[in-house]
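Novice: Each protein sequence line maps, in turn, to chains A and B.
Its first residue numbered 1, the first sequence is counted upward by one per residue in the working numbering.
Its first residue numbered 1, the second sequence is counted upward by one per residue in the working numbering.
It is worth saying that the hints were derived from the structure and are not from the lab.
Do not take every clue at face value.
One side of the interface only, derived from the structure: several residues of chain B facing chain A at Cβ under 7 Å [said to hold, decoys possible]:
id : residue
1  : Val107
2  : Lys134
3  : Asp163
4  : Tyr166
5  : Val230
Ideal Cβ placement from N, Cα and C applies to all residues, glycine included.
There are 2 protein chains.
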Amino acid sequence: MIITGNIKKARQICKRHRKKSKRIGFIPTMGALHEGHMSLVNKARKECDFVVASIFVNPLQFGPAEDLTRYPRDFGKDEKRLKTAGVDLLFYPKASVMYPAGFSTYVQEASLSKELCGKYRPNHFKGVCTVLAKLFNIIGPDIAYFGQKDHQQSQIVKKIISDLNYDIKIKVLPIVREKGRLAMSSRNAYLSVPERAKSTCLYEALCLASELIKKGERNPQKISAGMRKVVKTKKNTKIDYIEIVDAKTLNKINKISGKVLIAMAVYIGKTRLIDNIILNVKK
Amino acid sequence: MIITGNIKKARQICKRHRKKSKRIGFIPTMGALHEGHMSLVNKARKECDFVVASIFVNPLQFGPAEDLTRYPRDFGKDEKRLKTAGVDLLFYPKASVMYPAGFSTYVQEASLSKELCGKYRPNHFKGVCTVLAKLFNIIGPDIAYFGQKDHQQSQIVKKIISDLNYDIKIKVLPIVREKGRLAMSSRNAYLSVPERAKSTCLYEALCLASELIKKGERNPQKISAGMRKVVKTKKNTKIDYIEIVDAKTLNKINKISGKVLIAMAVYIGKTRLIDNIILNVKK
Chain A
1 MIITGNIKKA RQICKRHRKK SKRIGFIPTM GALHEGHMSL VNKARKECDF VVASIFVNPL
61 QFGPAEDLTR YPRDFGKDEK RLKTAGVDLL FYPKASVMYP AGFSTYVQEA SLSKELCGKY
121 RPNHFKGVCT VLAKLFNIIG PDIAYFGQKD HQQSQIVKKI ISDLNYDIKI KVLPIVREKG
181 RLAMSSRNAY LSVPERAKST CLYEALCLAS ELIKKGERNP QKISAGMRKV VKTKKNTKID
241 YIEIVDAKTL NKINKISGKV LIAMAVYIGK TRLIDNIILN VKK
Chain B
1 MIITGNIKKA RQICKRHRKK SKRIGFIPTM GALHEGHMSL VNKARKECDF VVASIFVNPL
61 QFGPAEDLTR YPRDFGKDEK RLKTAGVDLL FYPKASVMYP AGFSTYVQEA SLSKELCGKY
121 RPNHFKGVCT VLAKLFNIIG PDIAYFGQKD HQQSQIVKKI ISDLNYDIKI KVLPIVREKG
181 RLAMSSRNAY LSVPERAKST CLYEALCLAS ELIKKGERNP QKISAGMRKV VKTKKNTKID
241 YIEIVDAKTL NKINKISGKV LIAMAVYIGK TRLIDNIILN VKK
């Protein structure tokens, strides 16, 4: 596995493989890798000739009051996992390389980005879109892999790929869960033992929603009210949102029908967790 | 010369040439081609293996009160000129192909775009940057050619290329002038015969500035005051701006020194014309 933080070098290596018609798979990450990330790497290894992963804790996607400085970092461990999984190139740039002094260009998606997490993290997706445009231009992948846990992010990425005519296919893989069914996330490392026990309430709420819909409930308000109750049984939790929306447009729906996203963001203590399920409900 | 308005087809053709290590030159235009455009095409023909031009009157870069609908269009004539000049591929998409319903992604440069024309055309450069990001992603050129008449635009393009890590070289070629020294522009077609006579005041003002500097004047205010006088001798003119700035940062300067841009935007009747000169003044 080649490791570089040099943009030119990463670009040259990828360019060489592209010219040989090698299929390039790309997994952009912020490191602190877990099984969710590794499922993307493994899929890319199966589908592509040349697998590139990036580790970059992108300052542009953190709000001023968010957890940029304390975001978990463990390069040594990440490096080993990626090497063992057969990654060919690890791009690991410094923030000063990605955003040199005077940096002033931004990529912004103006519709999907305003929904769900966008309401609570106002410049988050602008930061995500900007860094991804940069990474896509450096690596030039054929396929980029994302996790369904960040469903909104993957929808936004698909939109910028389509709107800006990037020649990249986006693949979204299922959420990987811990034993207690908590969705894997680098931020789970923040949770204390009692918080970790509480954090199961997210998945429990999603399961309740799923059950209610199976039983015929079609009123989103009733479902989200039930979900809220599940979360509120746990102390020291704060709900940012629990929403039931069209899985593609992320617009609120009045009746459960078609491809539906049930998404939530909940603070367990000071740790903000997100989770979701997508259901295909017959019309 | 292949002509297509199909994004996939244009992309496939360029991709094929890129894989063969052909050097792709690209000249993005809004059509109504003049000698200024053709100088870019001729340069690309000399320097590149495969020359692509685009004609697209980009609605996104026009303000609501601007001249989108009456902007000059003459595809038949443009096509002939480009064919004669040896262009290999002409990309000529419809607006509905470039901006399908629900389009929501924008590329914005937030510093240089606020200066000069940016003050008078608030969303102009956002439109320019967005369409160029799209065109760059479709064509994938090695070199893209721009004219110095739009100096601010070419500086902004260089900035987004650098900030977003596009693997493209930007070349800027000198302003081509008509016999009366009016800078060539598609918008010159709007000018009546008396307006065309008046329009020489832009270049006259620039020449005055150049002379004053040669004679040792280093005070930008004094120079621009002189330039204003030149323009104001002509009736029915309105100055948007006459500015003397650092040619790279576009920031105002207090003393003429180094690489200096003298730029102006003036209405002759209802037609907004821009012009500039760049001087290298010994420190």
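Novice: What hints, given by number in increasing order, does this structure fail?
Specialist: Number 5 - this is the single hint that the structure violates.
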